[in-house]
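J.: Residue-level listing of the chains:
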Amino acid sequence: MTIPDTLKYTDTHEWLRPEGDRCVVGITDHAQSQLGDVVFVELPTVGRLVEKGEACAVVESVKAAGDIYAPVAGEIVAVNEALVGDPGRINADPYGEAWLFEIRPTDSSSLNSLKDSVAYTALLSS
Amino acid sequence: MPEALRRTPLFNAQATLGARFVPFGGWEMPVQFSGILEEHRVVRSAAGIFDISHMGQLRVCGTGAADWLDSLLTNAIKKLRPGLSQYTFLLNDQGGVIDDLIVYQTDSDEFLLVINAAVAARDIEWLRSHMPTTGVVIEDLSPTSAALALQGPAAPAIFAAAFDATCPGRRTIQRFVWEGLYFSAAGTGYTGEAGCELFCAGKDVEKLFARLLAAGASHGIKPCGLGARDTLRLEMAYPLNGRDLLPTRSPVEADLALFVSATKDAVYPGRMVVESHLKKGPPSLLTALILEAGAPPPRAGYSVLAEGEKISDLTSGALSPTLGLGLCLSYLPPHFSNLGTQLEIEIRGRRFPAKTVAKPFYNPQK
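These protein sequences, in sequence, are chains L and A.
Numbering-wise, my numbering puts 84 at position 44 of the first sequence, and it's gapless, one number per residue.
Numbering-wise, my numbering puts 1519 at position 42 of the second sequence, and it's gapless, one number per residue.
Hints are computed from structural coordinates only; laboratory data are not their basis.
Possibly wrong hints are sitting among the right ones.
Have a look at the derived ranges for each label pair, beta carbon to beta carbon [to be verified]:
no., chain 1, residue 1, chain 2, residue 2, range
1, A, Thr1493, L, Ser153, 40 to 46 Å
2, L, Asp107, A, Ala1783, 26 to 32 Å
3, A, Arg1825, L, Glu115, 36 to 42 Å
Backbone N, C-alpha and C define an ideal beta-carbon position, used for all residues, glycine too.
Produce the complete structure using the sequences and hints provided.
T.: What follows is the structure, encoded as structure tokens:
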């Protein structure tokens, strides 16, 4: 199970990568593995304001539908439309080209409450 | 405390092959190995092998066995001959489905009943409570037996290569001996593909499983789990007991009147209700619906709407790996079940157009 050191993590298995004033968000390798083959993705609309922990996307595998929660409060500023036509990318490259959306945090200090790779690794092994 | 899950004799062999296990009908069964989509596709294009040892196996024998089974099950046992099988139902007194099963006639006075895991104990109790005093013996083979399903267009060739014998034809059952191991194989399955189901002693199943995997290697055979089994059966519109078949719905409502004999003499439990559904028409009909391309995957429990009003729920739903469309089964009032009826499925508060279609959704024989 890959858990890159460079990312931040949530308890609900999203990852987040700060890039300037925005953050790229996706689901972890653990999450894609638990879901199995992803066959459908529903992304938020650009411009939507979300609260931390608000369900804002859906990733569905053959067997199950999983809600994706906003890791921080903010505005959705971009979504990865390519995933809609090729949702299986989430299984193939969850930390790379299968990012889900970009969010501009309302408060940049809110990132401090997220887990680092050590804490996320501990969560998975607990 | 829930009862501990049971494991089949293939548990360790499947764990070694990378199976991910889930609880199913009281058993710890593989849901997938390499992935549901890949396993689904390999069954449609080459062959897959499934552990179906969780299914109950009952031997019913004796001079009164045929008449007794005829008096309990909906199909006509008298249509059978040794070496043939039939799909049939065990009903409650209200005509609802307790279980759907296959009865194999293995000898003149001997039958093998293959029943669903989740209701096996209930079936056996029901059968025993309806036993005649003489002439019939029931033996529950399940504690010492196992079963495999070999399914796919390459399955007959793989069977032949593995055992130097011809794979049994559709609905037939035969006994085989291979390297001192005895097993039966039948031309039945739950995927719509060619192939067979093997019934054997639990102690022999690992060896037969390994033999079939080795014989099928050049065809690309893969071990498959319940995830692919579910999408494969739904493409065929085969019902799943407990989801699509229910104690509150008759087999006529399930659109399976073909497996109900209207002409036999025996009065099986529930026959009055079944006859009334046959004559007057059933109050509901298990109907196949498809969503348009791009809609989210349908799932059991989602609402079906007609002109904005909820008319039913889905009993099964999945995105078809073969067709790329959402497939659904739902008990609808019969006037909504005509082919081409436009309805809607509600998914997370949004409504998506769906229309009723003929069964099966997909025909692998074409």
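J.: In ascending order, which of the hints set out earlier in this document are inconsistent with the structure?
T.: 3
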